[in-house]
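Visitor: Chains A and B supply the protein sequences, listed in that same order. Residues 570 to 1228 in the working numbering are what the first sequence spells out, letter by letter. Residues 570 to 1228 in the working numbering are what the second sequence spells out, letter by letter.
Simulated from the structure, these hints should not be mistaken for laboratory data. Computed from a predicted model, the values in this text were never measured in an experiment. Be a bit skeptical, because a hint or two may be false.
Any copy, or any two copies together, can satisfy a pair, since identical chains are not distinguished.
[Stated by the list, open to error] Lysine to any residue pairs mimicking SDA-like chemistry, simulated, CA-CA at most 20 Å apart: (1) K1057 / G1096; (2) K1185 / T993; (3) K1008 / I946; (4) K1008 / P959; (5) K1008 / L582; (6) K601 / R669; (7) K812 / A1131; (8) K813 / E1147; (9) K1008 / Q948; (10) K617 / A607; (11) K983 / D603; (12) K1008 / Q592; (13) K1152 / Y1103.
Protein chains: 2
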Amino acid sequence: MAEKADLLFTNALVLAMDEAMNQFEVGALAIKGDTILAAGPEAELRKKFDAKEIVDCGGKVLMPGLVNAHTHVPMTLLRGLADDLRLDVWLMGYIMPVEREFVNPEFVRLGTSIGCAEFIRSGVTTFADMYYFESSVAEATAAAGLRAVCGQTIMRFPSPDAQSFEDSLAATRQFIEQWLNHPLIVPAVSPHAPYSCTEEILRASAALAAEFDVPLHTHIAETAFEVENARRDWGMPVVPYVKKQNLFDAKVLAAHCVHVDAGEINTLKHHGAGIAHNPSSNLKLASGAAPVAEMLNAGLNVGIGTDGPASNNDLDMFEEVRLAAFLSKFHTNDPTSLPAQTALLMATRLGAQALHIGQRTGSLEAGKRADLILVDINQVHNSPHFRRDPNSVYAQLVYATKATDVSDVMVNGKWVMRHHELLTLDESEMLAHAADLAKEIDSFLIARESSVLSKLIAIGGTTQEESFEIQVKVKVEDPKPILGALTKPGIKIIYNRHYREYDAYFKFKPQQGILRYREDEFLNERGEVDHVRYRLTLVGDPHEREFPSDVMLSRSRFLAPANQSLRFYREYFQPSEEIHIVKDRRRWLVRFKDTEFYVNLDRMDEPALGFFLELKTRTWSRRDAEHKSTLVLELAKFLGVSTQETEAREYVRIVEENK
Amino acid sequence: MAEKADLLFTNALVLAMDEAMNQFEVGALAIKGDTILAAGPEAELRKKFDAKEIVDCGGKVLMPGLVNAHTHVPMTLLRGLADDLRLDVWLMGYIMPVEREFVNPEFVRLGTSIGCAEFIRSGVTTFADMYYFESSVAEATAAAGLRAVCGQTIMRFPSPDAQSFEDSLAATRQFIEQWLNHPLIVPAVSPHAPYSCTEEILRASAALAAEFDVPLHTHIAETAFEVENARRDWGMPVVPYVKKQNLFDAKVLAAHCVHVDAGEINTLKHHGAGIAHNPSSNLKLASGAAPVAEMLNAGLNVGIGTDGPASNNDLDMFEEVRLAAFLSKFHTNDPTSLPAQTALLMATRLGAQALHIGQRTGSLEAGKRADLILVDINQVHNSPHFRRDPNSVYAQLVYATKATDVSDVMVNGKWVMRHHELLTLDESEMLAHAADLAKEIDSFLIARESSVLSKLIAIGGTTQEESFEIQVKVKVEDPKPILGALTKPGIKIIYNRHYREYDAYFKFKPQQGILRYREDEFLNERGEVDHVRYRLTLVGDPHEREFPSDVMLSRSRFLAPANQSLRFYREYFQPSEEIHIVKDRRRWLVRFKDTEFYVNLDRMDEPALGFFLELKTRTWSRRDAEHKSTLVLELAKFLGVSTQETEAREYVRIVEENK
């Protein structure tokens, strides 16, 4: 007697994407509830199953839904905010300031819903996300009916959803407990990247993920710069470093892996890590080409991701799969590298395995969830078809099919799109909200960041420095006791410098930060000029929190080498006002109570305002900031300086208000 | 009083892509007949023009139609025929055999019409083509209502539309005369590439193009291999070589230019050449990355092309523009390289200028033809929009827009698509024809080329050799007079070799060519084995023309170094029959009457069939072949050999029929 089924898909070219890479040319698929019963030849399945409903696929391709192995989906709302920029400028100059101002649970829900609409339209049924307020990502995704591994971001900097990593960790635990065992959502722990975390954060994240047996989704070795820094700071590349922090105690999904060597590939394989390859992002940001062929040869599960839509700028996995194939051929100088079948496998079964949910989705096999799509391969851009070679259909899907050829999408046994119509989301309403928000963001950026920064960017490479800095400044009558205190036990001088600094400050109307052109004369021990450095720095008004005694947590600044003359910059930036300051600066890098501080002893010569002492140190978490705000006051005391009357203003403000 | 116009487009975001890069946010465009009268703010144009008809663009982007700067459009019919192969295998193993069999004017018309449908749907209004039977390309394009520069191919090999380059040249002249001054079609001369032409062909092509002042469209420096060969054979890179052949007497459109140096870029610029950059093709075939940023900096008009749809595998210019931007960023390791605005400019105004029709199309400016498209940038994958930066709209079009977002297309003042509906072409009819043809091609390849070649390809790099060879073979009773004749004046020995050859021939059922495994023992002057070479050669049945006296023009063969044992190949290929031959071969490369010939003097040992003399030489045109077929008989006579009884069979046939 025939077995009962809920649905029987017929008249399809079924691509199972299973181990045997089964294709059924007049194929069928039977499902019951959320589960696949069988894929096979139509004639066979018609005999075997008694289905409540028959779905005639009209000769389309029936295949597993695509798996987007790495994205930051709420960033649909920042799509096209800024492009064609260097990563640091893009991130520090545009994305992070906007995120700090605008990202909240509502933003995340709206951005995720828009992303889900785009996913469904382009045949993605599963994605791996990493963002802030990840519980809102999970809610919106579940409401849209898609499957996702949702990673709550943890890092050492304050973020839109946490003032410190301790807050993030606690929130992540709560998030996991809330979503564990959901039919669509797999919660995950997402320490952002080794360089944006600390050893402590990595260890705690891995322990948390291992405790609940959930995936750990992070960025690994995305840029050459990151690996250089790892070698310099940790004496080893990125993968051994994270292994040392026990990261592989968890089921790791490692995004990018652009700059990993053969040894690191072995380590990743040994620990069963999944990889997310992001060709568009790696090309657009000039990060490099990941060794995809080597990773596949090593037996790693390598999936394909779009990365966030603010950098890509879309979530089109068909484009991404094609690019993965193209980039591997180009990179290996071998057109047979990463053939279409392999590329498509990465976007389905291997991707699901990379996300550590391969038992649930990624191929059309009995027992897996019914996550599937119908693709029309009879459009004019995708005709004719050759069937001499069984690989032809994969080549068609990879090299000629467009995301818009996906007509129907089912996730977990439920339709989310039929005949190009979305069933779970209202696009026009979401897009209207997004349009309003885009206008607000435009206004915010125009007011706060626009022309000076843009102009600074336009003239050359800027780098961001001192994102978060604890600093205290005090007027000093006599510097001698400080010089004496620096030689006492309890403080260790790492190095010292002596400069003469000529600063020109540009002010603008309307107010948009202050641009400083600085000439640093480096003086040798005899007080002679050894060499000179010219730098341009854009400083915004500090608007981060202040601690007791005017200890400040300062904001980002942008730094560029100044290759042109002061006259050039004056003409180029056209400031509304210009202020000049000359000072003598002695600077020490010291270690005090296991913490590094910069000690600046400044003598203001033009205008002649006497001596100031500045103490500065970097920080990355609220607890650390609080700790250091105490330490910095102790250091001041150690140096014999009273912090009863501190100076909260920058030098340019002091000079202005002194006029 | 208001000026008369036929059409006024209103309510559009007009991107003029003119020198000033004008954008009109609520913009309008007026046209009369085939010509643009003005682009500007809507309010202004409404006052200025009295239009017969108003077209409300609904807030869409109104921009110039895209220019595809290099393609082989009829190859839509070979799309997906074979993928993920090395260029030589793909071309010699699949494309060329199928082209020789199937390409005729009807094929070209159908393939072009399908390509035009794809072009229109994806917003391309102008393309530069290069193929066979180019007059049929022109006919189908004009019928579809698109603009094209149509280049008739000329090369030194027999092609589907010509037995020799003399035939091609004559046909090209006729083609130009027929299409000169057509409103949509610009005829062009297309010597295929320097390596596939001769100096004579290049010179004659340039002269012909200059005579009619039409463009000359060719391939330049596509692969590193091509440049290596140029340096070896001509002692210089490709651009100086073609300059030496006076190629730049014509208005050149140079496709690819992947491997050109700074000097060559200067030469191209000096001579006003246009460049067609083909990122998909260069990536997919692993050809390399063209120095696009350098070429643009040098002031060259660099357009973007899809290359042929058999290698791409589509004609999607939106994808191509995005890839151009991505590839330049990756290649220069600089994410600010080739920003979106520049990439889109390459696909419009610069592209038109590269095709030498910049006065006619490529931007929305008064006096140019009305070639334009409407693009919906409000889809979910392309929202929201930021307008802080005027470059945002270009970034949106380049990084997030899909070809399917193009809704309306006008060429030369006439609609060819309205609201996604094609007005000049019937897709379903064309696709039905293409499907039938694809079945025929599948059957042809299965029968003629399939498994042995595929298997040969699967086990390693094959190269094609001796595509066209004049050869004559004669049974010889006594070799001594030949040895004597070789020392006479009138013949010059360039080198000589002595081998002992052990051949194993594999035959297959059904018949699919013969695979030869050959062990060549190179013998020194004392008859001792110096070294050994193993090679695998797949030979089809000769089916090209025969000249008088059994002089043969032989067909392609595929050659691979044999790294495995004879046993391995026997098990791998599973031949239905195996034939063994051992012979002693003396080979001379000689110059006779200014022509190089190979002289093989063979003694058949197993089976013992006595001596044979083989004379061989390469050819590339019908006239040349006829000339050499006479020369080879003269050489036989010179060597004292009668050609009354020649032997047309290959050795393996002689042995088989001798059993």
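Visitor: Which of the numbered hints are not met once you compare them with the structure shown?
Guide: The structure conflicts with hints 1, 2, 6, 7, 8, although it agrees with all the remaining ones.
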